[in-house]
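A.B. asks: Be aware that the sequence shown starts at 285, since it is given in my numbering, and climbs by one per residue.
Simulated from the structure, these hints should not be mistaken for laboratory data. Treat the hints loosely; a few may be bogus.
[To be verified] With beta-carbon atoms standing in for the labels, derived distance ranges:
#, residue 1, residue 2, range
1, Glu-400, Val-364, 18 to 24 Å
2, Val-288, Phe-391, 34 to 40 Å
3, Trp-361, Phe-332, 28 to 34 Å
4, Glu-388, Val-288, 22 to 28 Å
5, Gly-368, Thr-286, 15 to 21 Å
For each residue, glycine too, the CB sits at the ideal point set by N, CA and C.
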Amino acid sequence: MTAVSLLTRWIANILVLVHAGLLLWAGIGFLELVFPDPPWDRLSNPLFSESMLLWQWFIISISALVFLIGYYKRWAWTPVLLAGIYALMAFTCTYQTFFILEHESRFTEMIIEFIEYAV
285 MTAVSLLTRW IANILVLVHA GLLLWAGIGF LELVFPDPPW DRLSNPLFSE SMLLWQWFII
345 SISALVFLIG YYKRWAWTPV LLAGIYALMA FTCTYQTFFI LEHESRFTEM IIEFIEYAV
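Could you build the full structure based on these sequences and the hints that come with them?
C.D. replies: Next up, the structure:
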């Protein structure tokens, strides 16, 4: 096995773990919508409305599912679908940053999030 194939496999495994984590995160977010007082510290931003949180957890879970199913089924359209979904996530992040969030570092965090989508 070459160094490139090892690196490729390593990166693929990391992406699988990241998207499994995103799916878990979204699942917890959905639970917080159903049970407003969970026995854990809430992950959901209290500044976001229920409809915004529903949208946020929906697109995060869809991105995770598309990646995971697409990866294991070897869908040719996975990169195109993910590019569209990540564009929706970036648009959502932009809206949240400009119209909902209030902390001073929100624009820096938005830029970091955009870089994460690109990588």
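A.B. asks: For every hint, state whether the structure bears it out.
C.D. replies: Here is how each hint holds up against the structure:
no.: 1; hint: Glu-400 / Val-364: 18 to 24 Å; verdict: 19 Å, holds
no.: 2; hint: Val-288 / Phe-391: 34 to 40 Å; verdict: 37 Å, holds
no.: 3; hint: Trp-361 / Phe-332: 28 to 34 Å; verdict: 31 Å, holds
no.: 4; hint: Glu-388 / Val-288: 22 to 28 Å; verdict: 42 Å, violated
no.: 5; hint: Gly-368 / Thr-286: 15 to 21 Å; verdict: 33 Å, violated
Violated hints, in rising order: 4, 5; the structure is consistent with all others.
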